[in-house]
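A.B. asks: When you get a sec, could you build the whole thing from the sequences and use the hints?
Chains as they are written, first to last, in my numbering: chain A, 18 to 669; chain B, 878 to 1165.
To be clear, the hints were calculated from the coordinates, so they are not data collected in a lab. Being a predicted model, the structure only gives us computed values, none of them experimental. Quick reminder that beta carbons are idealized off the backbone N, C-alpha and C, glycines included. Honestly, I wouldn't trust all of these hints.
Here are some of the chain B residues that sit facing chain A, going by a computed Cβ distance under 8 Å [said to hold, decoys possible]:
(1) L932
(2) V976
(3) Q994
(4) M1031
(5) E1035
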Amino acid sequence: MLNGLVFACIVLPILAALLALIFRACAIRKALVIGTGVVLALASLALAKAGSFRLAADTMLGINVNSLVMLLDFALMAVILIIGLRLTNWIIVCLAIAQIAGTLYVEGFIGVGSGAPFLPEMGIFADNLSLVMVLVISLVGSLICIYGLGYMRVHEEHLHLEKSRQPRFFFYMLLFLGAMNGLVLSNNLLWAFFFWELTTLCSFMLIGHDGTDEARRNATRALWMNMLGGMAFVFGMMMLKKAGAELSMLTLISSGNSLYLMPIVLFCFAGFTKSAQVPFQSWLCGAMVAPTPVSALLHSSTMVKAGVFLVLRLAPGFEGTWFSVVLAIFGAFTFLVTSALAVGQSNGKKILAYSTIANLGLIIACAGINTQAAIAAAIMIIVFHAVSKALLFLCVGAIEQRIESRNIDDMRSLYQLMPRTAVITAIGIVSMMLPPFGMLLGKWMAIESALNMNFAMPIVITMLALGSALTVLFWGRWAGMLLGAANPKPVRVSDNQSFSISFVLMVLTIMAVLASLLSPLLYVALVQPATLAAADPASGYSIWGALGSFYNNTGAFAVYPLFIAIALGFAWALHAARKASKVEGTDPFLSGANARNENGEPGFIGPMREVTAPTMGNYYLSNIFGEGKLTGTANAVAITLIALMLGGVMWN
Amino acid sequence: MELSIFTILIALVLLLLSPLAGGFITGVDRRLTAWLQSRYGPPLVQPFYDVLKLLGKAPMIVNSWQVLCAYIYLVSAVVALFIFFMQGDLLLIFFVVTVGAVAQVVGAMTVNSPFGQTGAQRELLQMLAYEPLLVMVFVGMAKAAGSFNVSDIMNVEEPLLFSLPLLFIAMVIVMLIKLRKSPFDISSSGHAHQEIVSGVHTDYSGPQLALLEIGHWLEVVLLLGITALFWTSQTTTFIGVILIIVETYFVEILIDNISARMTWKWMLRTSLCTGMVLALVNIFWLYY
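C.D. replies: As structure tokens, this is what we get:
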């Protein structure tokens, strides 16, 4: 049974991907994507219900899995090497050769006195952290793929392609889902590494999908930056091999041997590159050139979440160390800087990108704080961020296809053009930053758990507090702009979307609200068990069921009463707004006699006695928050922090 | 965790009394301000007359989002104050207050009026200025008391003012911004002299403006309640707590009347540089 479910989560999407590449008919592709989505969703739910498990998984359909993965791994690295040669990008070529050499050493083919690697008996290992990840990947990821069906049709119409490139697109999308599930379920580090590099390759292919110069350039940058992380991963495995240690995730985190600290730090470094932490943020910002479903997939459920997953997975292995403290500062710093960078942006996708990096930084800060409450906060943020960010990216994609701009200044009064999408986007934004939604619950847990840190607490909390205020700044104005309207009557026009797009937007909105409401149940069923390995059990949250209240000795967050109070208040407000919508509207105050111009837009009678419509703009404060102002310093600080982490570990 | 009907009842009664207290405090504020400006000023109950009159007006709105936002602002103030009276989590209260602040911004941003929009942008900058400080105040209190819960913070052995003097100054800055007092009244203000008409409130009138005013009264009560936490302890008396509230509020009014309105850049510098340094120094101090 378990074997079957794991097969369905990892191998099935990969097989479906191959089929989508071979059969080019649109109907078959649709059936494959939707079918895979349904199977993945059911399999992941069944796995989550079954709870944590370990599987040997040494043979699959009569083939030795270890040999198969080894073979595929070398094939994958050869492909990357060829890509590097084709691009004549020497960084990629060198990294690929180094990775191949390193992997040959780990596999025992080269090197003095090296035999076969010490492989764990159990290739697959899933605890609640892995299961949460499988759920996020399978549910949110599948929804994004389904949205892609409607989106890519319109996208290719815009590009006037002679031959559809959708088979290739959905091949990599589905492959991505399989690779992610494989990564989070692997105990064998060699398997994890294979899936790790597979996600790197998929993201390279998907970012470059449209084939423009910019897409190629950004894809190349994503590839080499992620390969840098892959290299650190190989180094970590080489150190383990040299010490004769077992290449097993479980041993790494449960032995408490200080010998393992350096490999753990290297694996975390790999996580930083994949999660686009400063100074590696540029690849994720560049990734927005890809079609929107790709951005949504990279930002919400896959890729960047692989990095924070790895750091969280290894968190028990570095509790109480110097590394952990610097990690918390590093994560909080990324949170602060990227939130500030987001304030200076008018490009909607870039705002979302920086906000993603900020939240990943927050998760990493939680891993560094490394108490039970902090790890719980991190997992909650992973879940809620995946849903809300997928929703927001897909909304921006839908908006962009309609207004042909991703600039938030062009989204002013979007409510009058596409009311449903505008309201859904606003809900998505609110779910990112305000109570009673789950993201805010996660942020609350993160700040409260930081209270019990050592002397680093004031530094970490200062950065979290500043960053948090900055996020309110860029989210708040965006939500307000979207909802702009010139009269009280509700707008009744169609958003003109294909069913797959409006369906997925609706499902994700419901998921965002429902998951937040059910957060106490989610916590008890999945998150709490996943945090048991973390330090300081006294800090962990208990749930007072009747009120759905999270509490420990530093604070309490009563989810149900808060939800009910705010929902009732909201219903009251909505009722009042409905009633007011019947009132004849007035024009805004413009310091002059109100008038309408020939297009019926409100304005005022200006000095030349002609109707002047007011124009408005946002404060982007680019001389404070511009990329040019902040990026250089931020990178320097981040590199210093990484050096402090590595130096601290080596010095011991 | 324990929760008795009695505490809920007390919290509800206090919540019902809060608009009265808030309106009364606003009346006192106007009288004191008038006194400082050598005027006679309105009667103490004038704020109530104003609100009642506004409530009786016919609604004049540009769009219905404004109405939604005005109600949400009031709801957020009510919920935040209720959590405070239930002696709940300060950080949670902070986030609930944020809902109201964002509602004000969104309400102003939905109207295509340069005054409202500029007010909204400035309101966001004001939030950027006071939010980190307020978080630091709460963290300092929690560090000293061991918990973010108001119940634990009220139960400390000696008043927090002795261990958190610099954070108290930070709190004064927060209140100046939050109560829309000079030198920080850049997005809207209670005074007759207006820079940008009335900022975020430009396109509000009648009943909706009344709701915003009542919400503001509740926030005044909440902020003064938080100030009171600097003095509450096992040993302090009720009179002492009242005194610190009165003194703090008087200082706010005094600063309001002796300072000119400054720019947002100056505001960000003051609160984020000066205020945050004060807060950081004070919190580090707690470690020794």
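A.B. asks: I'd like to know which numbered hints this structure contradicts. Please list them from smallest to largest.
C.D. replies: 1, 4, 5
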